[in-house]
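Protein chains in written order, with the working numbering: chain A, 616 to 924; chain B, 616 to 924; chain C, 616 to 924; chain D, 616 to 924.
One thing to keep in mind: the hints can contain errors.
Claimed, not checked - Listed below are the simulated DSSO-like cross-link pairs for lysine-lysine, each with C-alpha atoms no more than 27 angstroms apart in a straight line:
| hint | chain 1 | residue 1 | chain 2 | residue 2 |
| --- | --- | --- | --- | --- |
| 1 | B | K777 | C | K792 |
| 2 | D | K758 | D | K699 |
| 3 | A | K770 | D | K797 |
| 4 | D | K699 | C | K631 |
| 5 | B | K741 | C | K777 |
| 6 | A | K631 | A | K698 |
| 7 | B | K631 | A | K698 |
| 8 | B | K625 | A | K698 |
| 9 | A | K625 | A | K699 |
| 10 | D | K631 | C | K698 |
As the list claims (entries may be wrong) - Some but not every residue of chain A turned toward chain B, in silico, with C-beta under 10 angstroms:
| hint | residue |
| --- | --- |
| 11 | K625 |
| 12 | Y645 |
| 13 | S703 |
| 14 | T707 |
| 15 | T710 |
| 16 | Q850 |
| 17 | V867 |
| 18 | F921 |
No lab work stands behind these hints, which were simulated from the structure alone.
Treat the numbers as computed from the prediction; the structure is a model and nothing was measured.
By construction, the Cβ of each residue, glycine as well, lies at the ideal position given by its N, Cα and C atoms.
Okay, here's what each chain looks like letter by letter:
There are 4 protein chains.
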Amino acid sequence: MLDQENIIEKIEGAIKKSERHIGEGEVASYIPELANVDPEGFALSIVTTGGEVYEYGDLDTVFSMQSISKIISLTMALMDNGKKVVFSKVGTEPTPYKFNSLIPIDDRASNPLINAGAITTASLIKGEDVDVRFERVMSFVKKLSESDDIKFLYKIYNSEMKTTDVNRAITYYLKSKNIFDKSVEEVLDLYIRNCSIGMKPTELARLGSVFANGGVNTKGERLVSEEIVRIVLSQMASCGMYEESGRFLMEVGFPAKSGVSGAILGIVPGRCAIVTYSPRLDESGNSVRGKHLLDLLSDDIRLNIFLHE
Amino acid sequence: MLDQENIIEKIEGAIKKSERHIGEGEVASYIPELANVDPEGFALSIVTTGGEVYEYGDLDTVFSMQSISKIISLTMALMDNGKKVVFSKVGTEPTPYKFNSLIPIDDRASNPLINAGAITTASLIKGEDVDVRFERVMSFVKKLSESDDIKFLYKIYNSEMKTTDVNRAITYYLKSKNIFDKSVEEVLDLYIRNCSIGMKPTELARLGSVFANGGVNTKGERLVSEEIVRIVLSQMASCGMYEESGRFLMEVGFPAKSGVSGAILGIVPGRCAIVTYSPRLDESGNSVRGKHLLDLLSDDIRLNIFLHE
Amino acid sequence: MLDQENIIEKIEGAIKKSERHIGEGEVASYIPELANVDPEGFALSIVTTGGEVYEYGDLDTVFSMQSISKIISLTMALMDNGKKVVFSKVGTEPTPYKFNSLIPIDDRASNPLINAGAITTASLIKGEDVDVRFERVMSFVKKLSESDDIKFLYKIYNSEMKTTDVNRAITYYLKSKNIFDKSVEEVLDLYIRNCSIGMKPTELARLGSVFANGGVNTKGERLVSEEIVRIVLSQMASCGMYEESGRFLMEVGFPAKSGVSGAILGIVPGRCAIVTYSPRLDESGNSVRGKHLLDLLSDDIRLNIFLHE
Amino acid sequence: MLDQENIIEKIEGAIKKSERHIGEGEVASYIPELANVDPEGFALSIVTTGGEVYEYGDLDTVFSMQSISKIISLTMALMDNGKKVVFSKVGTEPTPYKFNSLIPIDDRASNPLINAGAITTASLIKGEDVDVRFERVMSFVKKLSESDDIKFLYKIYNSEMKTTDVNRAITYYLKSKNIFDKSVEEVLDLYIRNCSIGMKPTELARLGSVFANGGVNTKGERLVSEEIVRIVLSQMASCGMYEESGRFLMEVGFPAKSGVSGAILGIVPGRCAIVTYSPRLDESGNSVRGKHLLDLLSDDIRLNIFLHE
């Protein structure tokens with residue numbers, strides 16, 4: 616795909632155009648460690664289903680996955696338990712409420728990509744204790760991203776564990792609804808550890824390219840089943856960009872998931888995964904420059920899944 | 616597409632498998648005229664972007680578009696006013712509430728595919744009076760479906776106008792929020808007329824094939840802009856199947872819109888449009904056999920947009 | 616009561632103290648006719664259960680009852696149908712939403728003192744047509760207020776009928792829930808007529824004194840049953856001051872009902888009815904000076920029903 | 616009051632009539648210890664403002680205060696902090712949601728008589744640690760009830776602390792909204808200890824008689840200020856009987872607070888406090904026989920505060 620005529624030129628043009636959003640939005644500050652970044656840090660990484668790579672910007676930046684880890688938790692919960700069990704404990708529908716709201720929990724979280732839903736899927740990841748479970752998550756993330764360099768960002772983890780009252784509230788509420796048998800602390804611990812996984816842009820893009828390629832990596836190994844790929848991508852399409860998901864799908868037209876660290880992972884089935892990194896966020900918690908760059912790329916290199924090529 | 620090896624066989628296999636849902640669900644009865652159909656009526660029609668046609672079942676059945684007309688109202692509102700005006704008056708996000716609920720209206724309807732949103736888009740269709748506006752709608756539908764035989768089902772219209780208290784409530788509420796200047800009665804009148812457009816399965820599938828083909832018909836004429844196509848299809852993906860939209864996208868994996876008359880229009884970008892007709896509905900108002908058949912077809916002939924071919 | 620030592624002095628002191636709220640709040644303007652008043656108009660009228668009267672201010676001002684008429688509609692609905700029928704069609708509980716919101720309607724209005732509830736009770740008032748029903752209402756109001764001078768404010772009525780889209784929306788919604796068989800227009804017509812009844816302060820206070828006296832007027836005639844008196848007063852206590860009802864009961868401590876024309880009717884069981892008139896309203900729609908004056912009177916002449924005398 | 620003609624006869628008649636509700640409802644079972652009672656246990660105790668006592672039934676039964684302790688927490692929070700501080704952290708309005716719902720918390724709990732509100736008032740009770748705070752609560756309860764025999768029901772406390780996930784969720788949520796600085800565990804600990812205070816019917820009725828008497832006990836000592844008495848009683852009137860509060864006030868007509876242990880404390884200002892004990896509850900969590908007995912007593916000995924005597 617990247618060897619198509621003029622495509623690099625078009626990508627560079629889109630980056631250029633996205634510069635007018637520099638300085639817009641605010642870096643997340645609800646945990647001190649998150650605020651501790653260069654607000655103008657910027658990177659773009661594209662990995663195609665064929666394994667081609669386009670990279671630009673601060674490629675050595677290590678950011679925490681934050682909410683992007685929700686797609687990993689969902690994938691592993693599905694691998695460990697099957698679709699039927701998972702969706703008996705978490706819903707499939709978008710919600711108009713904020714990602715950390717308690718309202719969308721009735722008897723279960725409304726979908727796996729809000730906090731309550733990702734806490735639910737974290738509770739479904741198997742392993743005898745939190746260390747074993749997290750080792751399984753790390754090992755899976757390393758395999759998907761083809762990197763042994765994936766980090767656990769202890770400072771982020773520690774900072775979040777100390778300030779995460781609202782997630783603790785959500786977890787106790789889920790516990791009171793009998794969503795899981797494990798202890799609240801171990802479920803929350805794994806959830807926050809998953810949020811604290813540290814990656815570089817191209818590592819995340821490579822991880823995403825497996826989903827873009829139907830679950831098979833560039834070496835031809837099947838890492839995720841087709842059924843799980845379509846569940847994860849459809850949920851990203853419906854609910855991946857918080858309460859702006861409908862508008863994002865309308866403007867950009869492919870599944871994506873954002874994290875408050877400033878990364879967005881977009882996935883164009885059969886084509887590529889795209890990672891943008893720019894830590895200034897809008898009010899919904901999505902990276903301002905990131906979402907505009909994805910919009911520009913979608914238009915300029917025709918990535919919208921609702922338009923035939 | 617239809618000349619691929621074994622594809623007809625696979626389609627027939629899916630129809631066969633869908634037979635086990637015969638008799639499930641209830642025919643809509645909230646207006647007397649809707650209940651006046653053969654509950655076991657059934658049809659399938661597929662029209663590809665290349666103009667190939669596969670048809671099966673009661674192909675002469677004429678059903679009312681009902682909520683499927685919401686995509687026509689949205690398309691024409693966008694053609695007449697542009698994206699900016701339309702989405703200042705209606706939102707872009709799914710809602711967990713019923714399609715005829717008043718709750719998702721705050722200052723405007725949450726999206727164009729619930730009743731309140733489609734009443735809003737109907738109010739935006741231009742023309743000096745209701746007759747002129749509806750003539751424009753009919754003429755557009757005829758052009759899209761390549762048929763002069765499209766009908767206005769007066770009995771359905773008349774029956775709905777007499778019993779549509781909840782839609783009248785919604786329209787007055789939108790009026791009180793200053794969403795439109797026209798009179799409530801003329802806005803409601805056009806909305807109900809649009810719902811009462813009568814089509815045969817293949818006429819609707821041909822209409823859908825224009826959206827599948829990026830807005831261009833089989834003769835190469837552009838009938839809808841690419842921008843409007845991607846808006847309409849993304850909204851169908853997010854909100855087209857009522858409060859089951861997330862799950863439908865997860866299971867079936869392409870945009871669709873259902874109507875309480877029992878039709879569902881599915882659109883596979885770059886491939887085809889598929890119409891199922893089977894009037895028994897589930898509690899959300901979606902055709903039971905129809906949605907299962909779309910699920911089977913998606914799996915058996917690989918139509919999921921989140922999996923590369 | 617008014618012959619108690621110093622009581623007139625205390626009342627005059629409270630009026631004086633209430634002067635510091637002059638100029639606070641805004642006159643209702645959602646219908647042009649309502650805005651057509653002297654914003655600094657002011658009156659106080661107290662009628663005791665024994666028939667004593669204290670009056671002060673613009674005693675000849677005629678204001679429309681507006682939402683205060685909701686207690687008349689409730690009373691007549693109960694007289695005409697009994698408690699069981701009425702509360703099968705309207706609830707008994709307060710709601711946190713605005714008085715003209717559609718949210719508190721599920722299958723019925725949450726209580727009889729919000730618009731949806733009062734439209735419901737208006738639908739329950741018997742009479743062969745709207746004229747007969749309204750004549751019954753006027754005749755009942757005249758009897759309660761011991762005045763033949765009660766007016767129908769046609770300009771207010773006419774102005775409201777033209778602009779009442781939100782109430783028309785509510786009425787159609789109730790109709791769609793089968794709350795009444797009558798036509799929407801005749802139900803709404805009576806509701807708006809009731810809102811448009813014009814009274815002077817002491818006429819309203821005398822009307823209220825019948826409720827303060829357990830349903831019996833000063834001549835010893837029973838006009839309302841004890842059962843209906845306690846239903847009406849308890850609902851005024853729970854829901855009479857819109858979304859400020861809890862706080863009002865906490866501060867002032869007796870049942871009250873306000874109207875957007877600027878009047879408030881307070882009722883102290885066994886003691887008196889108090890009418891304040893001052894058309895500048897707070898954001899909830901309650902008269903600013905009126906509610907403060909009632910608070911001062913409650914403290915200074917000990918009217919709180921939760922404190923023994 | 617109790618020496619009025621026939622009054623004892625009327626009370627006994629009401630008890631007799633209430634017998635037809637024996638066996639209706641279910642004993643609370645959400646904590647094992649609560650289920651551990653005689654479901655047919657029954658007591659009535661009336662203490663007048665003059666100190667007269669009428670007692671009947673299982674007078675030695677010791678029940679936990681449960682939600683009735685919410686009025687003690689509110690009283691002490693007001694004594695320790697004043698009205699302004701307390702109502703900056705908790706609202707004053709009823710809510711249509713369940714007492715343990717998370718929905719009525721927006722930035723603060725909607726009122727002090729739902730769980731979230733009582734956790735808030737518990738957080739406002741002063742003292743250097745939980746032991747000191749609870750000792751202050753116990754000492755205040757002993758003074759109000761004129762009994763040194765008030766118990767701390769350790770088994771109830773222990774059982775609740777182990778199973779109180781939903782209250783822990785609420786407390787963390789309030790913490791995340793910065794409602795209090797203390798730790799979640801110490802706030803929750805005091806809240807559950809307060810719920811676990813054990814009393815006999817007449818001890819609770821005597822406690823209530825202080826509120827009935829404007830804050831002064833039978834010895835003429837002022838234990839609670841008039842301002843706090845009217846705040847507590849008005850909140851009991853608006854919100855004391857969960858989502859049935861409006862209906863209860865309509866039927867019975869005086870402030871009351873129920874607890875899931877099966878007790879209800881009713882307060883008739885200037886007259887008496889009434890305690891019913893009968894552990895079978897309706898779906899709202901109110902004692903079935905208890906609420907019916909209060910209704911009968913209100914009618915038969917004329918206790919409705921909205922009717923003059």
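Status of the hints after comparison with the structure:
1. B:K777 with C:K792: 15 angstroms, holds
2. D:K758 with D:K699: 26 angstroms, holds
3. A:K770 with D:K797: Holds, at roughly 25 angstroms.
4. D:K699 with C:K631: 25 angstroms, holds
5. B:K741 with C:K777: 25 angstroms, holds
6. A:K631 with A:K698: Distance of about 42 angstroms is beyond 27 angstroms: violated.
7. B:K631 with A:K698: 25 angstroms, holds
8. B:K625 with A:K698: Measuring from Cα to Cα gives roughly 25 angstroms; hence the hint holds.
9. A:K625 with A:K699: 43 angstroms, violated
10. D:K631 with C:K698: 25 angstroms, holds
11. K625: 17 angstroms, violated
12. Y645: Cβ of Y645 (chain A) sits 24 angstroms from chain B, so the hint is violated.
13. S703: 13 angstroms, violated
14. T707: With a minimum Cβ separation of about 4 angstroms from chain B (threshold 10 angstroms), the hint on T707 (chain A) holds.
15. T710: 6 angstroms, holds
16. Q850: 7 angstroms, holds
17. V867: 9 angstroms, holds
18. F921: Holds, because the Cβ-Cβ distance from F921 (chain A) to chain B comes to roughly 4 angstroms (cut-off 10 angstroms).
Violation of the numbered hints given earlier is confined to hints 6, 9, 11, 12, 13; the remaining hints are satisfied by the structure.
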